[in-house]
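Engineer: Okay, here's what each chain looks like letter by letter:
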Amino acid sequence: MSTDEVESTFFRRTSRWKLIVLLLVLALIITVIVSLNVGYAQIPFPDILGILGKQIPFLDRFIDSSLISSQNEAIVLEVRLPRIIAGVLIGAALAAAGVLYQGVFKNPMADSYVLGVSAGAAVGASVSILSGIGFVFFELRLVQVAAFIGALSAMFLVYNLSRVGSRVPVTTLLLCGIAVNFFLFAVVGLLEIIAANRLHDIVFWLMGGYSNVYWKDIWAILPFIIIGIVTAYFYARDLNLLAMGEETAHHLGVNVERSKQILLVLASLITAAAVSVCGLIGFVGLMIPHLTRLVIGPDHRILLPTSTIIGAIFLVLCDDLARVLSTPFVSVSTREWPVGIITMLFGAPFFIFLLKKKKQSYAA
Amino acid sequence: MNKTYVIIAAVVSITLIVSAAFVYIYYQGQISDEGVAALQNLVDDHGYTTSLTAYPDKIVSVAPSCTEILFAIGAGDKVVAVTDYDDYPYDFAAWISAGNMTSVGDFTSPNLEVITSLGPDLIFASGGVQAESVDTLRERGYKVLVLDPTSVDGILKNIELVGNATGKRAEATALVNDLTSRINAVAETVANATKPKVYYETYYEITSSWTIGAKAWQTELIEKAGGTNVFGDQQMDYYQYQVEALIARNPDVIVLPAGGMGTGEQASLDAVKARPGWDTMNAVKNDRIYQINHNIIERAGPRVVDAIEQLAEFFHPELF
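Going down the list, the sequences are from chains Y and A. Those letters in the first sequence? Residues 14 to 377, per our numbering, in order. Those letters in the second sequence? Residues 53 to 372, per our numbering, in order.
Just chain A, same shape as in the assembly (with noise of 0.2 Å):
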């Protein structure tokens, strides 16, 4: 008899626990009422929008500005296949080569034939030169969120947005909650401070040479780092300028972003200061001339406010 009611009892547990373990998985599966609302009318930065029925499963970025959102949120465990050029917060490549990422290749044209054979339910792109894919990608069927922005409210805004998406409001909410506290130690910091005239560097050759207007949100990096963009006046993104323009409205700080474009050329704070005409320059008079890696002032990720402190240090050595 003891036997029967052993097994009895451990039967009954048995399936209690399997049951049990069946609602946890049902209900960690459901959505509630929010999170259905979250993910109803997705509205990215080109103005489309979208509309998903459940949490994404598999997800392709084809921007590393995107993939960089997507794990600093905690929603990097869904994404299958990223570019060939994302490197942050893992070494993809090494995980491409490993067989434990796919890669849709270059991030100009990611390939479709692999996007269409790992199916993902969610596409996020970047803008621009991606403008063209996201359109073919569109008109197969999938389900594609720009992240475009030109602000660096607009970057808070598309990491809340990619929480809503997949699922991950609170950390979504966490992380931008951090980034605004830090984004305005800063601004505390450099509050008094005066703002010396920045020139950022996009790209220099015999052949022309680039920089950033008011419309790039480069530019609102530097002034929240406490300094004010030398071309900041010019109503452009980038731009082809003129350096008789830069010698004559003489910036205090000169900042290349390292790694990034340019040949070569950059990579030398030495061949800065020798080229013609910038040994007048306030920046190379007094040697302060910065390199910072392209890829946290370029990219339209969470690594932007790490950006912001770096540009503050430089422009403001004295308070840090």
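If we strip away everything but chain Y, and leave its shape as in the complex, we get (with noise of 0.2 Å):
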């Protein structure tokens, strides 16, 4: 293959990527204005419409706001919104960091579950519910910073453990994570008990959701996620190379040990922002980027955007069915489902599907 044939494969392809991560951007777009209509509450679109354009300068003076109600007003900013937010945000987060976990660790059953991340934030929620204090940290709860305190503990514990000499073998890191991950819901389980007139609570925060998330959670777990996320792309390249093995990339010119330090760190980090909100929601993380990699292909410069976007839209969409699925038959219920279940009823099968129908082009 000439040189001139190489560029031009490059840059179709790119230009492919592009236009994926566009119409990608584009369907996450109108999943939010949709789902700004998914509710108990019957909202009309044009009030929808009414209720973000009078928050937008100049706009603002066209909308007469006298046929607004203040309560539709409070349900579409404070609590539609947010939702909605927070959804694209965690969604986005926990399918970045199972690709980059599925990436370093060369293995399909990577996710935060892993490297003890999730058990961490799990012991560090429940010690803090346990406590019974509602103390609050620059305006963020205590089980939210427990929780993300407790996630980064377990990750930096696993890797120390996993440590031989200055190296960090996948194998020891995958072994030490899983025996720490054993160790910690053990944790929580004695926890458990010794809370029991508090058991309620730890059960809930370990069935995950994130339905009376907020603004101020919201811009505190923001710069994480963005930062993390966008960090990671620039170690996509490295990433292709690990997959070629550890020996391949580090001849390719990858400082390995770095690499794979700074990428479980970003993919723990981000975990970490997402569950501290959350806790503890499944599936995503793990089968997002599986997904994606079933319909993309499993170059990581374009795995990790798609990833990215595809786990906040489907986290956003099964948000939506939390919200709609109520008792069957009876449409106003105002029931709310876990969303955390959702994305593993409904996620699960989809995936069984996928696999089943692409079995031949996959080998992982």
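No lab work stands behind these hints: they were computed from the structure. Fair warning: there could be bad hints in the mix.
What the hints assert, rightly or not - Dumping the calculated DSBU-like pairs for lysine-lysine here, alpha-carbon to alpha-carbon at most 30 Å:
hint, chain 1, residue 1, chain 2, residue 2
1, A, K110, A, K55
2, A, K247, A, K337
3, Y, K119, Y, K370
4, A, K110, A, K130
5, A, K325, Y, K67
6, Y, K67, A, K337
7, Y, K229, A, K325
8, A, K209, A, K247
9, Y, K31, Y, K370
10, Y, K119, Y, K371
11, Y, K369, Y, K31
12, Y, K229, A, K337
Source: prediction; values computed, not measured.
Now that you have both chains on their own, put them together as the hints suggest.
Structural biologist: Next up, the structure:
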């Protein structure tokens, strides 16, 4: 293949990638707008647009706000919108972290549970719930801060435990992570027994969800997630080379240990930020990267951004279902389903369907 | 001679007193026909039938609600063990550490070895999380009565059931009559008042928010106190609700069970007011957020009537 050919293939591919990302961003925006209509309260779409328009300078003078009830405005701006934005952020974070974990470990089962990050968050949250202190740290609840600290501490613990000399072999890391993970979940179980009168609190937290999220929570996690994902993107090439084996990657000029370290810290930081708000939400981190890989292919330079956006769309749609899917045949139920259950209930069969369909082309 | 008469008189009278005492004690232990009938076929809230041959001498209570009923009808002196969460009508934790009461430990999984070592004649349990423990105890031949009522009437019936089982039938009936008249008094007072829409919170965190529907008996407490549960049309007991549904339904009063579930946020009324979108609710606008001791409103014991009275004062302060 001549240089010209290689270059033209590359440019054709990058322009195709740009198109894919553009379309996905468009799909995300449509999902967000459609999701604003979903919920118990029946708010007409023009009212929703009016409520949004009122927030935009210059546009607000054209909107007759007398027609919009303060209740509906509160529902759209203070309940639905923060929730949808949080869904975008958390879905993006979990999916992106999943890509990084799977890439670094070269293991299709790797996710935030593997490094003990989720378990660490659970221990942190349980301890703070047990303490019963309504302590607030920079406008954030103690349970969030504790979950964040727990997640990062667990990651550093696992990483240092599996260090062999100056290297951190992937197998040791995986096994160490699994052991610490079991240990930490045993600690959560112990805390549940000690705190039987606060058992519900811990159980509800572990069930996951972010239905009562607010802007301050979003501002608190936004920098971690955005900076984390953007930084990770610059290591997408390293991830591609790591996929060929650490030896090969090393010979191709990758500082293997440093790249692994940075990618794991980034993935854990992103995950910690997300779980500090939403508790433990399964499936997204594990399955969205696989799902995207089935459709888009294994190149991390496109896999990371597309997984991120698809993760965001997926979680927002699941959360829409959590609001709509009340008791069947009763359309006016005020019930809400835990979003973590929906991600698994609907995500898993869909994933298996894709897996079956693409069986031949998927060689992990 | 005189001395002999004195001795004989003394012996006879002592014998008479002792035998009278024996007879008294014997009849005390004997059960009237009515009492015997009451000990047969005790049907508990899960439809399980238990029959006893004698009044229980050793009772184990594995739920605070059962303990409260037992002590309220004067059967407390037969209670030999309670859970670590029992705190009414006495400070049982202090009793346990002083050695005057045995702990069966956790409410969710009472310690089987402790119960076995005590060899109780009768065990009182509640439903829900205790169902498994109840099965375990029954498999081992223990007599267990499950008190798991679904209404205020159910709680009153349970008080009579406990009375029948422990031989405190008169006390139980007196208590039920007293409670009934107090409930009726509240009903009369609030009869013509407009009923506020009440939101009862069981849990609120970023992750989820929970309340009660029609099937939780706390809804009945709200109704008896002259209010309506804002989610009373939902045919559920405890469930996860959508906050926007609450905002749309606009409750007039918010009731927070203090000291119960929730991670501290419920302790602060200001935190409730500051929740996103909640400032549009009448309850927040008019500052009608109240806290109630969670134990009186969540335990299916005699104190639910205290809860009704307190709720009525929250809902209709002008009438009290």
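Engineer: What are the numbers of the hints the structure violates, in ascending order?
Structural biologist: Of the numbered hints, just 1 does not hold.
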